[in-house]
Amino acid sequence: MNTDTIITTIAIIFVVIIGAIILINSAGVSPQISSTSTVSIPEASNYVVDTTGTLKQETVDKLNTDLKNFDGKAQIAVLVVNSTEPDSIEQYGIRVADAWKVGYAGKDNGAIVILAIEDRNVRIEVGQGLEGIITDADAGRILRNVMVPLLKTGDWDGAILAGVYELKNQLNK
Amino acid sequence: MNKIIISLLGILGVIAIGIFFFGGWIWGTYNALVTQREVVATSWSNVQTDYQRRFDLIPGLVNSVKGIMGQERAVFEAIADARTKYAGSSAGSESKIQATSQMEGALSRLLVVMENYPTLKSNEQVQALMDELAGTENRIQVSRQRYNEQVKIYNIKIKVFPTSILAGLFGFTEKALFESVSGSEQAVPVDLKI
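Note that the protein sequences, when read in sequence, are chains A and B. With the first letter of the first sequence counted as 1, position 67 gets the number 67 in our numbering; the numbers rise by one all the way through. Plus 1000 on top of the position in the second sequence (first one is 1) and you've got our numbering.
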């Protein structure tokens, strides 16, 4: 080997290293958006997820069977938590919807009934694919006329069953 | 003679490799910036869609409450005024943004005044419109938040070295975030507490 080839080799290695560093750096910069939310989202283990044990086992079993049978045109899920604080139930609902991905990919045809026991709050989170079938007004009507009156009497099971029944009705229309 | 040719070829090779990497970096970075800018544009149009939805709901709400709230002329005039301004200004302009916040103000005043009319609360049509409005406000919040997330990613990308050099060269400029306007979080009062 003469000096020229050695110099050339070194120069090539040098350029390759510089190039690699530039590539790695530009690829590695992927800013993270930090999330300040604190209430964790439970795992979507079944159609009904009750982290509080409020619902009777038979209610949960019945709903899981019903909703599995219903699954096809759309998906309905139920989530019972103690509290959504510091998130509002609307913010929490969006996070659950993002995490669970209820409904079919690309169709976004899912709905989630969320009940927060301690907050005494309830919400129906409707996927974009169902917004035309279950409008905000429909969801509001189901909540106001069907679920809230039952929830006010402490009939959690009855409220969830009736709410899900109404949602299925609306989707079957 | 032979030696000179070899070292010249060597130097040329080094330059070629350098250009290859540099060009590849420019290409990749430029495409990444364009992609992110498009993502931001899409999120922005989602915000606009939700704004339009709210805008479209307002006349229905006004019509269904006007009969009972006939004497609250100032509120209705403010809404009509903001609507005219909103419809008359071009998209993305300063006056559009002003009209939007004017609309928000007029709408929240209407909602406050409506509290004084208990009969409205039991009116099914009003309730339905309020539900739609509350849902729309919620969607606006979400789409604004998603827009902000994408803008943050974009802004960091164009500011970080060495991408910043290319961003400056190709005219990628910083995008503005939605600041949470005080009072804009004020929810539409739909009484659904258990």
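Read the hints as simulated data drawn from the structure, not as lab findings. Among the hints, erroneous ones may be present.
Residues of chain B clear of chain A, computed beta-carbon distances all greater than 12 Å [to be verified]: (1) 1003; (2) 1010; (3) 1013; (4) 1014; (5) 1024; (6) 1047; (7) 1052; (8) 1058; (9) 1071; (10) 1100; (11) 1131; (12) 1135; (13) 1139; (14) 1145; (15) 1176.
Listing some non-contacts, in silico: residues in chain A with all C-beta distances to chain B over 10 Å [unchecked claim]: (16) 8; (17) 15; (18) 16; (19) 53; (20) 68; (21) 135; (22) 139; (23) 141; (24) 165.
Here are the simulated lysine-lysine pairs, DSS-like style, with alpha carbons at most 30 Å apart [unchecked claim]: (25) 173/A to 68/A; (26) 101/A to 168/A; (27) 1159/B to 1066/B; (28) 107/A to 152/A; (29) 62/A to 173/A; (30) 168/A to 1096/B; (31) 1152/B to 1121/B; (32) 1121/B to 152/A; (33) 1003/B to 1096/B; (34) 173/A to 1152/B; (35) 1085/B to 1096/B; (36) 1066/B to 1096/B; (37) 107/A to 1152/B; (38) 101/A to 1152/B; (39) 68/A to 168/A.
We put the beta carbon where it would ideally sit given N, CA and C, even for glycine.
Verification of the supplied hints:
1. Taking the minimum C-beta to C-beta distance to chain A, about 6 Å, the non-interface status of residue 1003/B is violated against the 12 Å cut.
2. Remark: the non-interface label on residue 1010/B conflicts with the geometry, its nearest Cβ contact in chain A lying 3 Å away (cut-off 12 Å).
3. Listed as outside the interface, residue 1013/B is inconsistent with that label: its C-beta sits roughly 7 Å from the nearest C-beta of chain A, within the 12 Å cut-off.
4. Residue 1014/B, annotated as away from the interface, has a beta carbon of chain A within 12 Å; the closest lies near 5 Å.
5. Separation of residue 1024/B from chain A is inadequate, the least Cβ-Cβ distance of about 7 Å not exceeding the 12 Å criterion.
6. Residue-level check passed: residue 1047/B sits 15 Å from the nearest beta carbon of chain A, beyond 12 Å.
7. The claim that residue 1052/B lies off the interface holds: its Cβ sits roughly 15 Å from the closest Cβ of chain A, which is beyond the 12 Å cut-off.
8. Residue placement check: residue 1058/B keeps its beta carbon more than 12 Å from all beta carbons of chain A (closest about 15 Å).
9. With a least beta-carbon separation of about 27 Å from chain A, residue 1071/B lies farther than 12 Å from that chain, consistent with its non-interface assignment.
10. Chain A leaves residue 1100/B outside its interface by the beta-carbon criterion, the shortest separation being 21 Å against a cut-off of 12 Å.
11. With 12 Å as the threshold on Cβ separation, the claim that residue 1131/B sits away from chain A is violated: the shortest Cβ distance comes to roughly 3 Å.
12. For residue 1135/B, the non-interface assignment is contradicted: its Cβ lies about 3 Å from the closest Cβ of chain A, within the 12 Å cut-off.
13. Chain A draws residue 1139/B into its interface by the beta-carbon criterion, the shortest separation being 9 Å against a cut-off of 12 Å.
14. With a least beta-carbon separation of about 9 Å from chain A, residue 1145/B fails to lie farther than 12 Å from that chain, contradicting its non-interface assignment.
15. At roughly 17 Å, the least C-beta separation between residue 1176/B and chain A is larger than 12 Å, which holds for a residue marked as non-interface.
16. The non-interface label for residue 8/A is inconsistent with chain B: the shortest C-beta to C-beta separation is roughly 3 Å, within 10 Å.
17. With a least beta-carbon separation of about 5 Å from chain B, residue 15/A fails to lie farther than 10 Å from that chain, contradicting its non-interface assignment.
18. Not every beta carbon of chain B lies more than 10 Å from that of residue 16/A, the smallest distance being close to 7 Å; the non-interface claim is violated.
19. The Cβ of residue 53/A lies farther than 10 Å from every Cβ of chain B, with a closest approach of about 18 Å, so its non-interface assignment holds.
20. Consistency note on residue 68/A: stated as away from chain B, and its beta-carbon is indeed over 10 Å from all of that chain's, at 28 Å minimum.
21. Distance check for residue 135/A against chain B: the nearest CB is about 7 Å away, which does not clear 10 Å, and the non-interface claim fails.
22. Not every beta carbon of chain B lies more than 10 Å from that of residue 139/A, the smallest distance being close to 7 Å; the non-interface claim is violated.
23. Consistency note on residue 141/A: stated as away from chain B, yet its beta-carbon is not over 10 Å from all of that chain's, at 7 Å minimum.
24. Residue 165/A, annotated as away from the interface, keeps every beta carbon of chain B farther than 10 Å; the closest lies near 19 Å.
25. A threshold of 30 Å between alpha carbons decides the hint, and for residue 173/A with residue 68/A the separation of about 19 Å falls inside it, so the pair holds.
26. In summary, the hint linking residue 101/A to residue 168/A is supported, as the alpha carbons are separated by about 19 Å, within the 30 Å threshold.
27. Pair hint residue 1159/B plus residue 1066/B does not hold up; C-alpha atoms about 51 Å apart against a cutoff of 30 Å.
28. For the suggested pair residue 107/A and residue 152/A, the alpha carbons sit about 35 Å apart, so the restraint of at most 30 Å is broken.
29. For the proposed pair residue 62/A and residue 173/A, the alpha carbon gap of about 22 Å is at most 30 Å, so the pair holds.
30. Distance restraint check for residue 168/A and residue 1096/B: the Cα-Cα separation of roughly 41 Å exceeds the 30 Å cut-off, and the hinted pair is therefore not satisfied.
31. Distance hint between residue 1152/B and residue 1121/B is unfulfilled; the C-alpha atoms sit about 41 Å from each other, more than 30 Å.
32. At most 30 Å may separate the alpha-carbon atoms for a hinted pair to count; residue 1121/B and residue 152/A meet this at roughly 19 Å.
33. Straight-line distance between C-alpha atoms of residue 1003/B and residue 1096/B comes to about 71 Å, which puts the hinted pair past the 30 Å bound.
34. This hinted pair does not check out: residue 173/A and residue 1152/B have alpha carbons roughly 43 Å apart, beyond 30 Å.
35. The hinted pair formed by residue 1085/B and residue 1096/B meets the criterion: a straight-line CA distance of about 7 Å does not exceed 30 Å.
36. Of the supplied pair hints, the one linking residue 1066/B and residue 1096/B holds, its CA atoms being roughly 26 Å apart against a limit of 30 Å.
37. Between residue 107/A and residue 1152/B, the direct Cα distance comes to roughly 28 Å. Compliance with the 30 Å bound is thereby established for this hinted pair.
38. Note on residue 101/A and residue 1152/B: the hinted pairing holds, with a Cα-Cα distance of about 24 Å set against a maximum of 30 Å.
39. A threshold of 30 Å between alpha carbons decides the hint, and for residue 68/A with residue 168/A the separation of about 12 Å falls inside it, so the pair holds.
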